[in-house]
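J.: Okay, here's what each chain looks like letter by letter:
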Amino acid sequence: MAALDPDAVAKAFVEHYYSTFDTNRAGLASLYQDASMLSFEGQKFQGTQNITAKLTSLPFQQCQHHITTVDCQPSGPAGGMLVFVSGNLQLSGEQHTLKFSQMFHLMPTPQGSFYVFNDIFRLNYA
Amino acid sequence: MDPDSVAKAFVEHYYSTFDANRAGLASLYQDGSMLTFEGQKIMGSTNIVAKLTSLPFQQCQHHISTVDCQPSGPSGGMLVFVSGNLQLSGEQHMLKFSQMFHLMPTPQGSFYVLNDIFRLNYA
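Protein chains in written order, with this note's numbering: chain A, 183 to 308; chain B, 21 to 143.
No lab work stands behind these hints: they were computed from the structure.
Take these hints with a grain of salt, some might be off.
[Stated by the list, open to error] Which residues of chain A face chain B? A few of them, derived with a C-beta cut under 10 angstroms, are: (1) GLU223; (2) GLN255; (3) GLY258; (4) SER268; (5) GLN272; (6) LEU273; (7) SER274; (8) ARG304.
Glycine residues also receive a C-beta, built at the ideal position from the N, C-alpha and C atoms.
All chains should be built: construct the whole structure from the sequences, respecting the hints.
T.: Below you can see the structure in the form of structure tokens.
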């Protein structure tokens, strides 16, 4: 089995995650599982349904993420990967972009893909 | 122990050690530890401490704004996500930063840093 470059995997995941977020937030459900955890601005959610409900109910119609940095590291013997992202978030109708940082802990699936086990999101206020 | 309390205790210990005695951070890392500092990848306690003690300032002070934590899976690890401000001695403006730690338990009932990623948040 060919070994994938972790940085390439992380970048591919980040592109997929944010393009899904920006065009079809409900589609994020496939990236989480029952044990997944999200901390969104300090509020904790567990499981695909609760996480997707939170993300699809955020108070804006449209948004666009612009990614500035992506860092990744393997997370230990279980084959997981940590991905640390920073960037800007443009909300439709808003003049100023919001800065954010987010970390994902990706775990491998039997099908050779990844799902989000841990997700922590914070806005970076000026 | 309540995970949020463990995370807060670790964060306080980490940054007070960083601000008072950077070389003392060596006890918090092991050979398999990884640090990514502003995109630069460093591995192992010795190399990590060498990087942190060679940062170009005499003194600094971390002011923590937010701490989030989650258990990281079956190995008993804990993810800690921190944001805050960094004041460097002699500098007028503070730097904003975000940092994540992946803590793993030690046999003695403590934690060490397996993964560490640090980024400044530029305006």
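J.: Take the hints in turn and mark each one as holding or not.
T.: Now for the hints, and whether the structure bears them out:
1. For the restraint placing GLU223 (chain A) at the interface with chain B, the shortest Cβ-Cβ distance is roughly 9 angstroms, inside the 10 angstroms limit, so the hint holds.
2. With a least beta-carbon distance of about 5 angstroms to chain B, the hint placing GLN255 (chain A) at the interface is held under the 10 angstroms criterion.
3. Hint on GLY258 (chain A) holds. Least Cβ distance to chain B is approximately 6 angstroms, under the 10 angstroms limit.
4. Below 10 angstroms, beta-carbon pairs count as interface contacts, and SER268 (chain A) has one with chain B at about 6 angstroms; its hint therefore holds.
5. Because the beta carbon of GLN272 (chain A) sits about 16 angstroms from the nearest beta carbon in chain B, more than 10 angstroms, this interface hint is broken.
6. The interface hint given for LEU273 (chain A) is violated, since its Cβ lies 19 angstroms from the closest Cβ of chain B, which is over the 10 angstroms cut-off.
7. The interface hint given for SER274 (chain A) is violated, since its Cβ lies 23 angstroms from the closest Cβ of chain B, which is over the 10 angstroms cut-off.
8. Satisfaction of the interface hint for ARG304 (chain A) is found here, the shortest Cβ-Cβ separation to chain B being roughly 6 angstroms, below the 10 angstroms cut-off.
Of the numbered hints given earlier, the model fails hints 5, 6 and 7; all others are met.
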